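Colleague: Could you slot chain A onto chain B? The hints should help.
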Amino acid sequence: MIAVVDYGAGNIHSVARALTRVGATFAITDSPSTVATADAVVLPGVGAAADTMKGLRQARVDDPVVAAISRGVPYLGICMGLQVLFDRSEEDDETPCLGVLRGEVVRFPPGLEVPHMGWNQVLQADDSPLFAGVPQNSNFYFVHSYFARPSDDACVSATTDYGLDFTSVVRRDNLYATQFHPEKSGVVGLRIYANFIRLAGQTPRPEFA
Amino acid sequence: MLTRRVIPCLDVKNGRNVRGVRFSADIDAGDPVELAARYDREGADELVFYDITASAEGRNIMVDLVERVASQVFIPLSVGGGVRTIDDMYLMLRSGAEKVSINSAAHRDPDLIRACADRFGSQCVVLSIDALRDPDSDPPRWTIYLNGGRVRTSLDAVEIAQRGQDLGAGEIVLNSIDADGTREGYDVEFLRAVTDVVSIPVVASGGAGSLEHLRDAIALGNAHAVLAASIFHFSVYSVREAKEFMASAGIPMRLDPYD
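Chains as they are written, first to last, in my numbering: chain B, 1 to 209; chain A, 1001 to 1259.
Isolated chain B, as found in the complex (with noise of 0.2 Å):
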């Protein structure tokens, strides 16, 4: 079962929707023992890296999720859930985050307009299950103002460009991560979720298989 963490996030419900769409079982869960327990977790995430942080804190489920990525359950992130994977994030006076991946979360530079809002595309830098039967390039949906700054290049997956090239993407071992929100960017974006149960041992909807 896919233990969708519910911590207070905002776009938890899209996230959702999309998973119901491609044909998901999963749980919308606030457990900590379910999620630390999960065959796969989803964590959604919008907004800033404190709020993101203390939502986890507060529900207990920062421990459980590092905790389920560690045993090497497949994981997708989303946005937030992307970010927080890092050591630490320069958003809210520097936020020490899960430190599950070396590297820190930076501000756009000066001269960029913030947030980077709307359709950019995806260069894959590697032959990632996320992304079978998503052609290269593809536009996918984006709203954030911060992005990942890996220390090793080795867990990007894909970049973007945005004046300056980015990791929009992330990945190790069972590790998946977007900075972009696949649940709003259309039938691409349906394929990414349904790449993911797939992962996670479910059969996604025939139209997505």
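Among the hints, a few may not be true.
To be verified - Selected chain B positions facing chain A (in silico; Cβ < 8 Å): (1) 13; (2) 14; (3) 47; (4) 115; (5) 135; (6) 189.
To be verified - To give a feel for the contact side, a few chain A residues facing chain B, derived at Cβ under 7 Å: (7) 1002; (8) 1003; (9) 1076; (10) 1123; (11) 1254; (12) 1256.
No wet-lab data here; the hints were simulated from the structure. Since the structure is predicted, the reported quantities are computational estimates derived from the model, not experimental observations. Heads up, the beta-carbon is just placed ideally off N, CA and C, and yes, glycines get one too.
Modeller: This is chain A only, laid out in the frame that chain B set:
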């Protein structure tokens, strides 16, 4: 590269999609859920729903409508019309809207923009401006109207757009009442007056009748997005045709296969 956006707009009255000309004379243009799905298949980058009744009853219909659309259409949805409080905004976001536009209430109480931006983030907060060009002013001036064009104010639209950005609005929808529903083209001069002084995205609204109008709003008016109703509802052009035309004019567009 960030693409420019094409946004079909659905004016909703009592759960049906309607189309007005200069803010009146409704024509029934079909079921909004069906239309939303069609636009998504044609490659719409975003959809906007305006509740033109803007009553408490209308709000409940909207919540239901947005929920139904959001379960079938997986692109950003915006909602506007009759949003007066933070709670109204929360209700819309919760039902599946990505952005909520505030119009009359924001002009009456500018702090509402700040309060909504603080609570939900600027990216959710759209300031919607309906304005009429002053007939004799030189240099040109545009005056804001409220309540769907019925109430004149003394507010200067360009100044209010700047103030909206300062208060935390993440985007501005600029609707020219003169041009609305006429299909004679956006007010490009109005767009330039605003895009020259704000750095947040400006969405052109009101007057689209041809593909050239859409192109000009972006290429000449510097709009980030074009919003249109009639030309899409009545299949004068498909969204895909509009995007292909603009891409051929050198405007970055999302042209992926959509279905």
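Colleague: Starting from the hint list further up, note which numbers the structure goes against and sort them upward.
Modeller: Every hint satisfied by this model.
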